[in-house]
Structures are given as C-alpha cells and as structure tokens.
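K.L.:
The lines below spell out each chain.
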Amino acid sequence: MSLILLAEQVLNGLQFGIMLFLMAAGLTLIFGVMGLINLAHGSLYMVGAFCAAAVAGATGSFALGLAAALAGAAAAGALIELLVIRRLYNRDHLDQVLATFALILIFSEGTRWLFGSFPLYLEVPGALAGPVALPFGIQYPAYRLALIAIGLIVAAGLFWLIARTRLGIRIRAGENDREMVAALGVDIDRLYTVVFALGAALAGLAGALVGAIQSVQVGMGEPVLILAFVVIVIGGIGSIKGALVGALLVGLTDTLGSVFLPALFKLFMQPAAATQTGASLASMSIYILMAMVLIWKPTGLYGART
Amino acid sequence: MNREALINAALLLGLIAVPAWAVIADEPFTITLATRAVILALAAVGLNIALGIGGLVSLGHAVFFGIGGYSMGILAYHAQNYTPLTDWPFTIQGTRSMPVIWLVATLTSAFAALVIGLLSLRTSGVYFIMITLAFGQMFYFFSISWSAYGGEDGMSIYVRNGFPGLNTLVPIQFYGLCLGLLCLVLALNALLIRSPFGLALNAARQVPERVRAVGLDPFRLRLVAFTLSGAITGLAGALFADLNRFVSPTMFSWQLSGEIIVFIIIGGTARLFGPVAGAALFVALEHWLGGLSDYWHVFLGLLLLLIVLFAKGGLIGLLAGRSKAHD
Chain A
1 MSLILLAEQV LNGLQFGIML FLMAAGLTLI FGVMGLINLA HGSLYMVGAF
51 CAAAVAGATG SFALGLAAAL AGAAAAGALI ELLVIRRLYN RDHLDQVLAT
101 FALILIFSEG TRWLFGSFPL YLEVPGALAG PVALPFGIQY PAYRLALIAI
151 GLIVAAGLFW LIARTRLGIR IRAGENDREM VAALGVDIDR LYTVVFALGA
201 ALAGLAGALV GAIQSVQVGM GEPVLILAFV VIVIGGIGSI KGALVGALLV
251 GLTDTLGSVF LPALFKLFMQ PAAATQTGAS LASMSIYILM AMVLIWKPTG
301 LYGART
Chain B
1 MNREALINAA LLLGLIAVPA WAVIADEPFT ITLATRAVIL ALAAVGLNIA
51 LGIGGLVSLG HAVFFGIGGY SMGILAYHAQ NYTPLTDWPF TIQGTRSMPV
101 IWLVATLTSA FAALVIGLLS LRTSGVYFIM ITLAFGQMFY FFSISWSAYG
151 GEDGMSIYVR NGFPGLNTLV PIQFYGLCLG LLCLVLALNA LLIRSPFGLA
201 LNAARQVPER VRAVGLDPFR LRLVAFTLSG AITGLAGALF ADLNRFVSPT
251 MFSWQLSGEI IVFIIIGGTA RLFGPVAGAA LFVALEHWLG GLSDYWHVFL
301 GLLLLLIVLF AKGGLIGLLA GRSKAHD
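Each protein sequence line maps, in turn, to chains A and B. Number 306 marks the last residue of the first sequence (our numbering); no jumps. Number 327 marks the last residue of the second sequence (our numbering); no jumps.
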C-alpha cells in the first residue's frame, strides 16, 4: 500500500465529504430553522443536475449550466415551499416524512416523463479536464480539486452568512423563537421561503458538480439523500459545524473503507473471502459509524435539539 | 355496531368475496393481486403496533420484511440443493415446510427487532427515524454484497413451499393461508389494543412522564411493541417471498419501508383495519394506475400528498366520519 495511493484516496474522501456537506448543510439548516424533515432534498439535487446537463448540453457552457442548476433548484425549492412544505411546519414528523416522500415520487416520475429513462451526460469543462501534479509525485484530476475548492469556498461563505449577516441573524433567531422574531417585524413566512430556497440551491449546486463525474439520471438523489441524513445525524441535527464534521467523517470512512478494508482482511484471510468480507463491511461502514455515534451520544456530536 | 366496525366487516367480506369471484370467473391474476394486498397488509399491521399505538416512526421496517424473506429463501435454497445450512455444531438442513419457515422467520425477525430496538429506542423523534433508516441501509448493503445467497441478483426458489394438507401452488389455497394468518394477527392485535399492555403503550406515546410516574417503564413497553411489530412484519416477508418465489435485496430497501408507512397512513393510523384498507387501496391503485400510465407514481404521489395534507384520518377516517384514536 503506497503513500501515493493513500493520499489520493484521502483526497477522494475529502471531495466526497465536501459534496455531502453541500447537501447536508441545506438539510440541517431547514431542520434547524423550521423543524422540518425534508426527504425531497435529494430531488432538488437531481433537479440541479438535470438543469445543468440540459443547459450545458444546449449552450456548451459549463458555467451557464451551473447557474441554471442554482436557479432551477432554488426555484423548485421555493415553489414546493409555497405549495406544500408551508403546510407541514406544525405537523408531526410522520406527516413531514410522508408528504416529502410523496414529493420524491412526483419529482422522480415527473423527471422521467420529461427527460426519459436514459441518463444524460454533463461534460467536465475543458480547462479542468486533465490531471494536476501535486507535491510528492501525486497526479490528481483537476476537476476533483476544483470541487474541493468550490465546496470549501461555499462552506466558508455559508459560515459567514450565518454568523455575520442580517439574514444569518434572522435565521438563528428564527431557530430559537419564531413568535418573537415575527413580533419584531420580520416577515417569517418569507424568511422560511428564502431559507428553503437557499438549502435547495446548495443541493442543486452539489447535484450539478457531481453530475459531471457520474451520470445524470432519475433516482440519483436518493442514495445521496440517505448519506446526507447520516451526516446530519452524526453531526447533530441543526448544526452547520456538525454537518461539516459529519460530512468529512462519512466521506473519508466510505472512501477509505472501500479501498483499505479488503486489503486489511487479506492480512489474515483467504483473498476471495477477504475481498467479500471487506467489501460488505465497507458498504455498511458509515451506517455502523452512525449507529455507534448515536449509541454513544443520542443527539449526535454537536446536537442539542431532539 | 358503529360505522368503523361496519367498514371493517365490509373490508373482510371484500377480502373473501373478491377472490371467490376470481375463482368462479377464472381470473387467477386477481387472486395473486389479492394475495399481494393481504401480505402487504400483514406487514403494515405489524408496523402499526409500533407506529400507531406506540408512536414509533420506524423508517426501517423493511429490515424485518427482508429478514423474513431471506429466512424463507435460505431454508428453501438449501432444501432445493440438498445441502445443509451448517455442519457445526450440529447439522441443520433446509426445509420446504411453511410452518417451520414461518416460525424461523418470526423468531429471527423478532430477535433482530429486539437488538435494533435496544439500540434505537435510546433515541427519539427524528433521531429514531434516522437510526432505523440506517439499520435498514446496513441490511440492504449487506444483502447486496452477500454473494453466497445471490448478492444483488437475489435468488429464485423454483417451487412454492408446502403446507400440510394443502396444495400451495393453487393460488386460492395459498391465498387462504395468507388471509388466515392476517385474520389471526388482526384478532391478536384487537386483543392487544384492549390489554393492559396496549393501554400502557398508548399512554406512553401520549404522556411518557405520567407512565413513568405510575411505575411503568416506557422504554420496556416500546421495546416489547417494537419486537412484536418486527416479528409480524417478518412473517409477512416470508409469505411475500413465497408469493413471488424470489428473494432479493429490494426487500430491504428504504423505499419499501416508506411504502409500509404509506399503507398505514392512507388506510388510517392506529385503526385496526387501517393497514388492510391502505394496502388493498395501494395494490389496486398500482394495478389500475399502472395500466393507465407508465408514470403512475406521479399520481400516487399527488394522491398521497392530498391525503397527508387534507385527510388526516386516512380512508377509514374519511368513511367513518369522525376522527379517533390518534391526535
């Protein structure tokens, strides 16, 4: 097992983790501020990817595709907030799970209706197509490095938004006491729509960015959605910091586990059995991680709310 | 008899009349559809003990459905190939006998529910929903990578398992078995709701502090309910595997867990026959809407959305005309 392979896998894990953070940040923000479980968040990721693939395919510009993904996902988010989600804030979690599960059905089949069952492809922009030489002789795809950079910039921007801006103050205040904020003259309904659209835009951005590595297809949002839930539950629901730590933990565990667990088992097992055991343990590893964190701390690493 | 009891009786009558008509009209496919509805109803009746009475929203009940399915699959697979399940510490052979398979499916899924419940019930609310989802995913991915039993492709069992004195390959006879089990479980469920345990569990959902104050342990009540609930859903899984003569990781998928919840909600939460009405309506919609459009999930989604937003009591609540049982 060479050091270069290890470094590459750590970078892969980091990139995966940061993309998960973009998903998880929106989820946790929406849960923290509005107390809402949104299973349809994965659909917004899919909407972002489809908007990007459709626009980039038509215009040939990746940047326009990204802009379309942000706008499309934010618009879809604002629309479902106004039509559906708004009625769910005061309901119990069961109703929220069901109504947003229904939204998944509508979004998935609606997209299949519009675009057909075949996957779309989103090209990596030409300038980022090749590898980059890093210190110690590591060759790493430029596009994946760019994903890490974009993710980090967005994460920093989000922390700044929450901690330093007027909107952030309102969001944090809305988390604590909705009635008081409304009494102070903040239009709480509009605030909720904005937060929801912001979360949706983050999911759409993640979908568009990852869409250039994987294929863009119906149902692509669900696996990521489940991982994002794992992330926010590990981090503690409602905490952006928890989402970042949880996302990196999950990204690294998943990527490193699938590479190194089979190798680890080969040290003391038959190769075929080791590959088998290692692979199955690796695919379960993040769920085992989550169960262990919850058994140890039932409200997650940084969570306070139940 | 109040209106809900009348509706329940009508549902039961329908479960007997529709297949009886199908036998006379020689429509075996309708019997298969009815069998599917009855088995899914059984799974949902199981979940309803935890969700309806206990207030435990488990988004991982497909775990038990899948364990039941794989219990059947593994036992029948070894019987099919004449290989023992294990040689150590003593030889265990596969079997094709339904009663044995049902017993194994019920016990293994009860045991899994006990362990998962012990770990998950330490959390509550959203965390409970999410940790049960995580356990579901664990089993899903495990079954995908478990190549000894088909891995991602699942495994086929070529001949339906046997029940003493019946020919289970005749659709109506297998249907009779499934309906019999459903009625048995419904009867047990009706007793359970009125029993001191059922009342305490209901109270623990509403005001856990008071339950604790009178000296009962909500954790233990919920654990028993979760275990019972898992066992019944596991039994349904074994029947479902026998209906399709096929077992695959999709039996563990979280979409299936979601659908089992959907049955309960569209039927009516915490009502005895709610899951039955819901599963029957779902299977009927799947069949009719599926025949009308390839994209029938859009309509199913819209319908579900309307029910959640505007008709909280579900189908039975709508027909019985007054809300009951759940707040």
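Calculated from the structure, these hints are not laboratory results. For every residue, glycine included, the Cβ atom is placed at its ideal position computed from N, Cα and C. A couple of the hints might just be wrong.
Unchecked claim - Result set (EDC-like, lysine to aspartate or glutamate): computed pairs, CA atoms no more than 20 Å apart in a straight line:
(1) Lys-312/B x Asp-95/A
(2) Lys-241/A x Glu-175/A
(3) Lys-312/B x Asp-92/A
Claimed, not checked - Computed beta-carbon distance windows for the label pairs:
(4) Leu-12/B x Pro-119/A: 40 to 48 Å
(5) Asn-81/B x Gln-214/A: 33 to 41 Å
(6) Glu-123/A x Ala-25/B: 29 to 37 Å
(7) Ala-142/A x Ser-156/B: 23 to 31 Å
(8) Glu-152/B x Arg-172/A: 41 to 49 Å
(9) Leu-3/A x Glu-152/B: 29 to 37 Å
(10) Leu-119/B x Pro-119/A: 32 to 40 Å
(11) Ile-172/B x Ala-263/A: 33 to 41 Å
(12) Asp-92/A x Leu-191/B: 25 to 33 Å
(13) Arg-172/A x Gly-151/B: 28 to 36 Å
(14) Leu-3/A x Val-159/B: 20 to 28 Å
(15) Leu-12/B x Gly-157/A: 54 to 62 Å
(16) Glu-123/A x Pro-89/B: 36 to 44 Å
(17) Gln-214/A x Leu-114/B: 51 to 59 Å
K.L.:
Determine which of the earlier numbered hints do not hold for this structure and return their numbers in increasing order.
P.N.:
6, 7, 11, 13, 14, 16 and 17
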